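Peer 1: As a plain string of letters, each chain reads:
Protein chains: 2
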Amino acid sequence: MLKIVKIGGNIVDNPEKLDRFLVDFAALEGDKILVHGGGRVATTICRSLDIETVMIKGRRVTDEQTLKVVTMVYAGLVNKTIVGKLQRAGCDAIGLCGADGQLLRSVRRAPQPIDYGFVGDPEAVNTGLVDRLLSAGLTLVTAPITFDAERGELLNTNADTVASALAVAMAGGNPGKGASSDPVTVKREVELIYCFEKKGVLRNVDDESSVIPRIGRGEFVRLQAEGVVADGMLPKLENAFRAIENGVARVVICSAESISEPGYGGTTLVK
Amino acid sequence: MLKIVKIGGNIVDNPEKLDRFLVDFAALEGDKILVHGGGRVATTICRSLDIETVMIKGRRVTDEQTLKVVTMVYAGLVNKTIVGKLQRAGCDAIGLCGADGQLLRSVRRAPQPIDYGFVGDPEAVNTGLVDRLLSAGLTLVTAPITFDAERGELLNTNADTVASALAVAMAGGNPGKGASSDPVTVKREVELIYCFEKKGVLRNVDDESSVIPRIGRGEFVRLQAEGVVADGMLPKLENAFRAIENGVARVVICSAESISEPGYGGTTLVK
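Chains as they are written, first to last, in my numbering: chain D, 1 to 271; chain W, 1 to 271.
Same shape as in the complex, but just chain D (with noise of 0.2 Å):
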């Protein structure tokens, strides 16, 4: 099984937590790919160098600066510095970001209805590279930057639809719109891990202990209806029902702190 576990700022931002969590995923068993956000270091960059940081819809509007400074942070100190603190757990890593082998091509996303300048969404998945790399027992760990191949661009890439793009095309899905056009055809077993604020999709927001352990379609119609996933869940949880539906064997949504559990105690999203 392919393990995918995707962190975000939470994590990134907070440096005892990040060794800890890179601790536990150092010791989880068998081929895994991590994928990290870029956290607040980016907007502290942009406020020292006056530019300025806009969000629309809580996703960054990447002008030509801020590209150069998310390529920066993410791609350089976010990156290599868990790609450090990986090897020193002993586990094998290798940074990596969308451009590198073509790793994940992305086109540029439309300026209508917002420009959200240079973001991307992704396209294609080099499988055969991911494939080659996993099989020499490197770990990889992926920055949300993409690449236009048509283009020549990077691109800021959403840290969650990265995760699930590589995801569903390691498991022999499309992870885009249009074709996929890898020669080499990859279908492994996958699972997908985000990894988040809180312990998994609570019954009850204020109580963590109220982890639901499994959802499936069905129920999560059921729990919409109940206003018990609302929010900035919806997206989240659509994104991950993609993901099952494109091929994926299994998503789970749960904390960091715990990914050394069985079943990562948290929430199981199945077919």
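It is worth saying that the hints were derived from the structure and are not from the lab.
Treat each hint with caution, since some may be false.
Claimed, not checked - Residues from chain W shown here face chain D by an in silico Cβ test under 8 Å; the list is partial:
no., residue
1, Met-72
2, Gly-84
3, Cys-91
4, Ala-99
5, Asp-100
As the list claims (entries may be wrong) - Derived coverage of chain D by chain W (criterion: at least 3 residues anywhere in the stretch with Cβ under 8 Å from a Cβ of chain W; other residues may be distant):
no., stretch
6, 71-78
7, 106-116
8, 253-266
All of these numbers come straight from a predicted model, not from anything done at the bench.
Quick reminder that beta carbons are idealized off the backbone N, C-alpha and C, glycines included.
Fit chain W to the given chain D structure using the hints.
Peer 2: For chain W alone, coordinates are given in the frame of chain D:
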């Protein structure tokens, strides 16, 4: 013949020269590795972040904050920008630093006589990984950040030294002072190409047409005695001869603008 090409700040800092060089580099046939320096961007970012830049004998003193900036700029911005441009030029590039797959292990330099901070000297190369990536048709783009595996630290490293360590190791030699411990034995025919400001070693430093086409150790000693070779050229040539004497087939010193010419229009050092 494996070609290892090093470019410095004079190319990295000049987008037009960089673009032209990368198109020429992409067209070079056979297996190849590009090692790049950092350029002035790191100094600019340090200034914006109120981090003082201290240079001793032309080398950057790297404190903890400076290490973060050079990791960002060298392994992030510069590395991924080059990878994107090479991909666009039809060259299947993958960008790495020394921590990735423990590509370049180093030891932190002793604080006496000068404390350069987080600066490392190469000790071992993961030649098996380099060989595997090259055999998969990939071109390596290497940032001058190495990895102290004992301490789990990223270290800033001179790009000339990174290039010669890679060249010596891939030719089957030992790039460091300690024992090389890589289990895979790799022994390639290697050509090391240093690109710098001049067309080559000049008989008359003011006359770009006075390139000396070939220099052996004997000739090098004579040129030193005559005062033709002096100043910054001395350590560069010493480094180059050390590479040749440790198994590298050929070392060329030339201008990045001449990389598509036969013999690179520069000075070839021979045993």
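Peer 1: Each hint needs a verdict: does it hold in this structure or not?
Peer 2: Now the hints, each set against the structure:
no. : hint    : result
1   : Met-72  : holds, 4 Å
2   : Gly-84  : holds, 5 Å
3   : Cys-91  : violated, 11 Å
4   : Ala-99  : holds, 5 Å
5   : Asp-100 : holds, 4 Å
6   : 71-78   : holds (count 7)
7   : 106-116 : violated (count 0)
8   : 253-266 : violated (count 0)
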